[in-house]
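From first to last, the protein sequence lines are chains A and B.
FYI, our numbering numbers position 62 of the first sequence as 62, with every residue one higher than the one before it.
FYI, our numbering numbers position 461 of the second sequence as 662, with every residue one higher than the one before it.
Think of the hints as simulated: they come from the structure by calculation, not from any bench.
Careful, some of the hints might be misleading.
Covered stretches of chain A (chain B as the covering partner; in silico rule of three or more C-beta atoms under 8 Å from a C-beta of chain B) [as the list claims (entries may be wrong)]: (1) 20-26; (2) 29-41; (3) 49-58; (4) 68-74; (5) 110-117; (6) 161-169; (7) 181-194.
In silico DMTMM-like cross-links for lysine to aspartate or glutamate, where the CA-CA straight-line distance does not exceed 20 Å [stated by the list, open to error]: (8) K40/A <-> D297/B; (9) K31/A <-> D292/B; (10) K567/B <-> D601/B; (11) K167/A <-> D144/A; (12) K366/B <-> D144/A; (13) K372/B <-> E474/B; (14) K468/B <-> D479/B; (15) K34/A <-> D601/B; (16) K183/A <-> D297/B; (17) K253/B <-> D188/A.
Going by beta-carbon spacing under 7 Å, a handful of chain B positions derived as facing chain A [unchecked claim]: (18) D231; (19) Q279; (20) M280; (21) E283; (22) R285; (23) A290; (24) K293; (25) S352; (26) A399; (27) K468; (28) L615; (29) Q621.
We treat Cβ as the ideally placed atom computed from N, Cα and C, and that holds for glycine.
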Amino acid sequence: MDKFTTLTGIAAPMPLVNIDTDMIIPKQFLKTIKRSGLGKNLFDEMRFTPDGAEIADFVLNQPAYRNAQIIVAGDNFGCGSSREHAPWALLDFGIRCVISTSFADIFFNNCFKNGILPIVLPQAAVDVLMEDARKGANARMTVDLEAQTVTTSDGQSFAFEVDPFRKHCLQNGLDDIGLTLEKVTAIDRFENSMDQSRPWV
Amino acid sequence: MSGPKTLYDKIWDAHLVDEAADGTCLLYIDRHLVHEVTSPQAFEGLRMTGRKVRAPGKTIAVPDHNVPTTQGRENPAQMPEESRIQVAALDKNAKDFGIHYYPVTDIRQGIVHIVGPEQGWTLPGMTVVCGDSHTATHGAFGALAHGIGTSEVEHVLATQTLIQKKSKNMKVEITGKLRPGVTAKDITLSVIGATGTAGGTGYVIEYCGEAIRDLSMEGRMTVCNMAIEGGARAGLIAPDEKTFEYVKGRPHAPKGAQWEAALAWWKTLYTDEGAHFDKVVTLKGEDIAPVVTWGTSPEDVLPITGVVPAPENFEGGKVEAARRSLEYMDLTPGQKLEDIQIDTVFIGSCTNGRIEDLRAAAAILKGKKIKDGMRAMVVPGSGLVRAQAEEEGLAQIFIDAGFEWRLAGCSMCLAMNPDQLSPGERCAATSNRNFEGRQGRGGRTHLMSPAMAAAAAVTGHLTDVRTMI
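So that you can see chain A by itself, here it is in the shape it has in the complex (with noise of 0.2 Å):
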């Protein structure tokens, strides 16, 4: 997993409500055995036409937003399924944060998973950094991770709430199976533990 400290990038604002993991990476696109590859498809019944043509006014093929790193977006991203396909096709695209007034619970874990920062704020900020994203490609949004701050094009701040530990893991890039093998003793004290307690499992 690559290391996330500081980004400054264009954002793209999304500010469509219940954007789901469907629409994220359509189902026909789940087919794969592998992680990769899968940017081409981001967004792909909202991005093509059915015979693949580009729709024009879909936010990532204006030319602005092309090249975009963040995403503004509107409340409750990344609900429905849980398929990891889209955070995977998020970061295979260039996405690396998002930002948005609350996510589903299993999509904002599957982004710390693969490197990209998922932030919550509170609707007025995210109003302020959605009209900051529609001025296109000249304005740059700054994501701090180790200040925990969202700086707009004109230098306007926000601070930002983010777990500890998770901090920690997207800072160093961390495999978190890695860092829970070193507690394995435990582990197996726990089960040593259910063999007398619950047995049936």
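Please build the complex by placing chain B on the supplied structure of chain A, with the hints as guidance.
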């Protein structure tokens, strides 16, 4: 933690392996269910790092998302190549890592959330995870059950634990009795209609109250299944005699002295008097009507007697979302829901693919025919549900009415296999998501109960099932 505990608190505490100073917890996982779509990358991760499956005996795999539901599917040529590769990868991974497996040729194969309870893998007080959001289904047994991503699938395979932070407690109480024609599906959709799809975000829901107690285990599974559509991590129902009765004698349920020991513990799994809930929602059972969805979010729920709303009825970002939904669904504000014409009916899914669901639909269809030109299919949730429905004569009722009688799988709920809607095709579905494109690009989905879907199949339009009972 001392003092009164919720059911969620009790299950959480019984599975806590480690708690770091910052509150990050390691939670033990009792059952890990695996299917072909969200697991290949996790097994690949294990191979790349030389890791093993820590507890293969607690890991159960079944192909369900991709598999065709037509006869002769054991012939791999029936599947598109990518699907075939994915199912073959699950075959191989199950064998290589020594986990329990129900291949497509096994009568016990079916939707993972139907197979788990059916085989007695799901038991009260357990932690159950799967790389699928509808894992919430297993909460009906008083098990803490939720969906995880593929990275977490790999984490559970390797460590039999998950890194978790505790959610908040939410109580959803359904008081009193349901009226005739109202089912578990109407309860769960009505709750989402009341709280919104983000209303449960950050919470584990415990469903309680007389109307929940009165539900069968099948009905309780339907309610918990859609906790995720309300945004909750999980939905729970405290186990009771109905639960124990359902579990007893299942192939993987405990037996003899272990059954007695398990039962003694299971009977302690309830929310203590005075335990704290961070949020409480109460609905009166008598107030719940048969409902349908009109839009492209599961929160777009209205009683069947209602009319299509106008975007201006909403606030904030929902105004634009409703406008977009109406355009996608090709509906006009003020239009009566009962006037909406249907092309297709889909009965099945982990939400409503169990025997009781098929009984409810067959009760409406008995002696009737589906509307001319209607496409209608029943996809039982498992091979065993299918066999039971055939034995009870339900299959014949469906076939006589004009339904296709399919083999078990996820099918048109998410349309990864060949069962899909065409652009503009409008479907009455017993599944769980009405998202844009969910059942096929351009397809239009109205969610409802099995009885309501059966009623729509007969009349050709959304129909108040109460007029047919």
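Name the hints, by number, that the structure is in violation of. Violated: hints 3, 4, 8, 12, 14, 15, 16, 19, 20, 22, 24, 27 and 29.
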